[in-house]
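Modelling step: build the complete structure from the supplied sequences, incorporating the hints.
Protein chains: 2
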Amino acid sequence: MIVVKVGGGKGIDYEPVCQDMAHLMQANQPVILVHGGSHETNVMSEKLGVPPRFVTSVSGYTSRYTNRETLEVFAMVYAGKVNKLLVERLQQLGVNAVGLSGLDGRLLEGKRKDAIRIVENGRKLVLRDDYTGTVDKVNVALLRLLLGGGYLPVIAPLAISTESEAINVDGDRAAAAIAVALAASHLIILSNVPGLLREFPDESSLIRHIPKDHVEEYMGFAEGRMKKKVMGATEALTQGVGQVVFADARVPSPIRAALEGAGTVIN
Amino acid sequence: MIVVKVGGGKGIDYEPVCQDMAHLMQANQPVILVHGGSHETNVMSEKLGVPPRFVTSVSGYTSRYTNRETLEVFAMVYAGKVNKLLVERLQQLGVNAVGLSGLDGRLLEGKRKDAIRIVENGRKLVLRDDYTGTVDKVNVALLRLLLGGGYLPVIAPLAISTESEAINVDGDRAAAAIAVALAASHLIILSNVPGLLREFPDESSLIRHIPKDHVEEYMGFAEGRMKKKVMGATEALTQGVGQVVFADARVPSPIRAALEGAGTVIN
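Chains P and Y supply the protein sequences, listed in that same order. Under the working numbering, read the first sequence as residues 560 to 826, first letter to last. Under the working numbering, read the second sequence as residues 560 to 826, first letter to last.
If you are wondering where the hints come from, they were derived from the structure by calculation, not from laboratory data. Keep in mind that a hint or two might mislead.
Repeated chains share a single entry, so a pair holds when one copy, or any two copies, can fit it.
Dumping the calculated EDC-like pairs for lysine to aspartate or glutamate here, alpha-carbon to alpha-carbon at most 16 Å [as the list claims (entries may be wrong)]:
1. Lys606 <-> Glu631
2. Lys606 <-> Glu628
3. Lys606 <-> Glu722
4. Lys696 <-> Glu794
5. Lys696 <-> Glu722
6. Lys787 <-> Glu724
Only a predicted model underlies this, so the values are computations on that prediction, with no experimental measurement involved.
Here it is, written out as structure tokens:
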């Protein structure tokens, strides 16, 4: 089982990812696709007059501040636009894709954070109307039902809280949770960087290999969005996923390249 | 099997529909929900600067003109917002809902109209960039897979064309196609009118019963959106669905009321 996460950063073209997914399906390789939608959500939020706000937690992680209004924009873009256009394109390529969000059948369930502690302009603040959380449980039965029926699950990283509220969850960590739940051999995280860089943003400083017992030591090299990817990788590897690869979504055949050793390979 | 379609017209509150769905599920009554989203799509289209345009075909049917840009707004609102918020609410009520669009797993497949002939300001026009079509095939296997797993399918009426393009299809006729495919005993079509009215918009002129062999004779009473409902009813009844009810979504327990004889009952 291979779990692929493709980011939704600026400049990412889903076409080569979809083509690689089609090749994997033709080779009878079971695979699951988790997608982002960040840039598109920013664009739509601006158009709708609710500009995106990113907050940095006291522990240094950046995330999208998601009140109920923002959550609905997030759901529209991730579950409505990005998810369905991916399904359409995969169907055109002969892949019987089924798009789901983590709300559907409680596919991704977790705790909503009751408060997030952030730092803004040097001041500490507590936000209480944030609809974000973590994935603590994956409905493996639903995934297996669909995989068994010959479908490719395409998953938008919304989740459902223990109290059944829709929440925004990090896509990389959601993909990691899915990879763990399915005991995947590979978790491939594609984004608009070539992998983990020793000297961000110098792309020639790519770290090509990390021994899996040493991932956390590399956290210091992770900037911005990469921190959650390293966290997801750690979560996946300590819970049995064979190999995690951070690789570039912007190259031809990005999944094949990642499987052949491109990017940062952690095993 | 009961198939319920709830419209997305102005003034419709999904809450009583969701509560009735929960009661049906508790009573082990298999059920499928198809939803609208028309009003919300109009609101969102205005906000996004692509105001809705409704066209009237030469045969007198009104439909939403859907070019590719509009289709993406349609997908966001129907499959992203309305669908996922319904799933969230149903989950809160203990119903294990799974939201899908007709694109997913080719759930609803049909022909895209290559051209629509319309009348505008008395002139006949042909539109060729319209992404609308009909539902000719329902993926019953996918519905049965989900129903068998204990899930309630919640369906947004987008479909996939024979050439694998996303298309906008009429929700009432999509619900009729699903009811036929599942040999449903009941198709309940809820909207913001009490049923078919003899003298539209006089709600006291409700037609309470139509013998199923005479539905087409009543087409003359149908105004605007009601025409597609009558067409859907005809399609459902001639292909084996036991009973079709047009009923009011705006009352308490709208599904129970419809099952108990409220609205226009056709059998």
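Point to revise | Same-copy or cross-copy closeness of Lys696 to Glu722 [CA-CA at most 16 Å] | key: Classified as within; 14 Å inside a copy, 37 Å across copies.
Review point. Which holds for Lys606 with Glu722 at a C-alpha limit of 16 Å: within a copy, between copies, both or neither?
Key: The answer is neither: 31 Å in one copy and 32 Å across copies each exceed 16 Å.
Review point. Between Lys787 and Glu724, at a C-alpha cutoff of 16 Å, which is it: within one copy, between copies, both, or neither?
Key: Neither: 23 Å inside a chain and 35 Å across chains, both beyond 16 Å.
Point to revise | Identical-chain pair category, Lys606 with Glu631, by Cα at 16 Å | key: Both. Shortest intra-copy (14 Å) and inter-copy (15 Å) distances satisfy the 16 Å Cα cut-off.
Review point. At most 16 Å between C-alpha atoms: does Lys606 with Glu628 qualify within a copy, between copies, both, or neither?
Key: both (14 Å within a copy, 14 Å between copies)
Review point. How would you label the pair Lys696, Glu794 (within, between, both, or neither) given a Cα cut-off of 16 Å?
Key: Within. Shortest intra-copy distance 13 Å satisfies the 16 Å Cα cut-off; inter-copy 43 Å does not.
Checked against the numbered hints above, the structure breaks hints 3 and 6 and satisfies the rest.
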